[in-house]
Amino acid sequence: MIPLSHYLGLSVILFTIGVLGVVIRRNAIVIFMCIELMLNAVNLSFVAIARSLSSLDGQVIVLLVMTVAAAEAAVGLAIIISIFRTKGTINVDEINLLKW
Amino acid sequence: MLDLIWLVPFLPLCGVVINGLVGIRFPKWLTGTIGSLTVFGSFLVSCGVFYELIQLPAAERVKEVILCQWIASGDFVVNLGFLIDPLSLVMLLTVSGVSFLIHVYSIGYMHEDEGFRRYFVYLNLFVFFMLMLVSANSFLLMFVGWEGVGLCSYLLIGFWYQRQAPADAGKKAFVVNRIGDYGFLLGMMLIFVTFGSLDFLKVFPNAHQYLPYGGITATMITLLLFVGACGKSAQFPLYVWLPDAMEGPTPVSALIHAATMVTAGVYMVARCNALYVLSPLSLGVVAIIGVGTALYAATMGLTQFDIKRVLAYSTISQLGYMFLACGVGAFGAGIFHLMTHAFFKALLFLGAGSVMHALSGELDIRKMGGLRKQLPWTHSTFLIATLAIAGIAPLAGFFSKDAILWGAFQKDSWLWLVGAITALLTALYMFRAVFMAFYGKPRLDEHVAKHVHESPPVMILPLAVLAVLSLVGGWIGIPPSLGGGEWFQEFLAPVFKSAIPAAVHHQAGGLSFVGLAQAAEGLAHGEERSLEWALMGVSLGVAIVGISLAYYLYLKNPEAPGKIAGRFKTLYRIIFNKYYMDEIYNAIFVQPIRRGSEWLWHSVDENVIDGTANGAGRLCTGLSAILKRLQTGYVQNYAIWMLVGTVLLIAYYLFR
Chain A
77 MIPLSHYLGL SVILFTIGVL GVVIRRNAIV IFMCIELMLN AVNLSFVAIA RSLSSLDGQV
137 IVLLVMTVAA AEAAVGLAII ISIFRTKGTI NVDEINLLKW
Chain B
222 MLDLIWLVPF LPLCGVVING LVGIRFPKWL TGTIGSLTVF GSFLVSCGVF YELIQLPAAE
282 RVKEVILCQW IASGDFVVNL GFLIDPLSLV MLLTVSGVSF LIHVYSIGYM HEDEGFRRYF
342 VYLNLFVFFM LMLVSANSFL LMFVGWEGVG LCSYLLIGFW YQRQAPADAG KKAFVVNRIG
402 DYGFLLGMML IFVTFGSLDF LKVFPNAHQY LPYGGITATM ITLLLFVGAC GKSAQFPLYV
462 WLPDAMEGPT PVSALIHAAT MVTAGVYMVA RCNALYVLSP LSLGVVAIIG VGTALYAATM
522 GLTQFDIKRV LAYSTISQLG YMFLACGVGA FGAGIFHLMT HAFFKALLFL GAGSVMHALS
582 GELDIRKMGG LRKQLPWTHS TFLIATLAIA GIAPLAGFFS KDAILWGAFQ KDSWLWLVGA
642 ITALLTALYM FRAVFMAFYG KPRLDEHVAK HVHESPPVMI LPLAVLAVLS LVGGWIGIPP
702 SLGGGEWFQE FLAPVFKSAI PAAVHHQAGG LSFVGLAQAA EGLAHGEERS LEWALMGVSL
762 GVAIVGISLA YYLYLKNPEA PGKIAGRFKT LYRIIFNKYY MDEIYNAIFV QPIRRGSEWL
822 WHSVDENVID GTANGAGRLC TGLSAILKRL QTGYVQNYAI WMLVGTVLLI AYYLFR
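Quick mapping for you: the protein sequence lines, in order, are chains A and B.
Read in the working numbering, the first sequence has 85 at position 9, and its numbers run on one by one without any break.
Read in the working numbering, the second sequence has 561 at position 340, and its numbers run on one by one without any break.
Calculated directly from the structure, the hints in this document are not laboratory data.
Hints are not guaranteed to be accurate.
[Claimed, not checked] Result set (DSS-like, lysine-lysine): computed pairs, CA atoms no more than 30 Å apart in a straight line: (1) A/175 x B/799; (2) B/799 x B/662; (3) A/163 x B/849.
[What the hints assert, rightly or not] Derived, one-sided and incomplete: chain B residues facing chain A with beta-carbon distance under 10 Å: (4) 383; (5) 386; (6) 662; (7) 860.
Model, not experiment: these values are computed from the prediction.
For each residue, glycine too, the CB sits at the ideal point set by N, CA and C.
Same shape as in the complex, but just chain A (with noise of 0.2 Å):
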């Protein structure tokens, strides 16, 4: 039996991989993939406490994380894509309208 604390632990890398590539990457598709890290990374620690606390409530809401995912996915890929239309660029440095 794994321990939990392995879990999480996995759970902490995987987030932190995911907020450091946000941060730092400047292609638009890399950062989209970091953030479905990200929420891959918490999907694991909700439902690693599930299993130890016996409990059906984690693994619900990680059905719920993953089906907005998906539509996150579609709505974000279609943005990227037509950002990439009239830019001709993904890379997020060049991408700086909305300031002042």
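Got chain A sorted already, so can you dock chain B onto it with the hints?
Chain B alone, transformed into the frame defined by chain A:
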């Protein structure tokens, strides 16, 4: 019938609503008819009320008709209602009667004017407010009428607002009246503070209980009210607006600036007689301002060449007489003169309007002359009015002016002397105008002379009616010394009687109030009768001297006035320029206020007010200039801020 009193002001208001709101497609005759008939309705109702009132015994001739409660705020309760007594009835009859005649005249006079409907709406509105003013049962309601007539006066002076002069004149009238109204307002507040009520019937009968004779409060109240009266009735020093008000249409000058509105001040002083008799100082001020203005305005009337301005100064002068009467306690005589003056002065103005109508708008009497034959009706009616104002017996002006002079003589022979000199000047300048306009050689411009024509019947008829009134209007007040009953003063006596017990009770006024009591009660003792006859002889004599002088100077010897003017060059120039009063006011009041306002505009308004508003904007802009740096547009910067925020929040909850 007494309960129908509300119809009196309400009917002209109906005229305003009908003509003003739905009358846009009415033909002119219909607009004019509605305007005139509503006022005639008021006159008929007034007559009905009058008939009912004289059936009652004299002591019961005071009725208050309350329509509803108007304002109720704590102790401050004002009812919307009407006070019916001999004084208000005399005013109602005079105002509605003269207004009706002038409405009819206006149909003819204003026929060519584009603003015909607007004119009648304003005129009806004026009549409404004027009737409210004279029939109000409280100071506050009176003030509503007071302000309303001021508004209509402004609107009608500036009726031809497309031209600069009428617009300026309207503004001047409004501003000068405002100064007077402020005095009225302060007086009214002082009355409320003193009496706790503004109802006439609560204030006047109790006046001597609340106010000690000659006390400071009584003096303050009456002087403040008199400031209001000065503004409205064009007395020194607030008279300057009236001559300029002649820029309005002539029937307006006749109705508002001669016969009715300008007498509101006299009415108010007479209405407040119970207060005035408590303050000998105020009465003295009223008398001296009155007689001073009478003389002062008469001298200015001597030198003017604009026929309407001559009449305007004459109006100021005659109003001075009325205040003189009030000031010496002969309130009945003042109201009597108010009524007769309404007849003959309205007639004079309408006659002048008829002359203008005939001469394509010419106003300068130097360019008239010899109109007697071409304008027979205008000439004869104008002559009757002039004889009446000059004080020739047995026309209306003689009796009323004589009643005033008799009252003045009883108080102080100096007042009488100045009054008599003014009577001489009145006869002189009025006949100067008549002789220059209607007699002698024609001095008309050629293009004007071709079109001279008598006015249409719709204008002549009111002239004729007013001429009859000017002839016989004085007969209701023939003094006992001439075998008359002084019926008019007797009718009014109950209104002014309430004042007398207070005065006599205190006896501090001594002899002067004996005269007052007699004048008001219409008594004349046998030994005084011969003196009264002598005074009448003198006033008749000065009138005849004035007329002869005018005849000699302006008809027989037309070069003489120029020579006299040349002899007294400085004096003539000062009087001709109206004592430079407009210039003095301009220098003392208008320019400093203007400069002060400009200073306030440029320094206070532009710097402080605008500065505050703009500064608030600039502060926000400045702060935003710093904060906006946060908004880089890079999505990752925002992500970092989110991260930092989240970390801080979590840290807070973990380590608190």
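Hint by hint, here is what the structure shows:
1. A/175 x B/799: Not OK: residue 175 of chain A and residue 799 of chain B at ~73 Å, beyond 30 Å, violated.
2. B/799 x B/662: 28 Å, holds
3. A/163 x B/849: 25 Å, holds
4. 383: 54 Å, violated
5. 386: With a closest approach of 58 Å, the residue 386 of chain B hint is violated.
6. 662: Constraint on residue 662 of chain B not satisfied, violated at 88 Å.
7. 860: Check passed: Cβ of residue 860 of chain B comes within 5 Å of chain A, closer than 10 Å.
Going down the numbered hints, you'll see the structure goes against 1, 4, 5 and 6, while the others check out.
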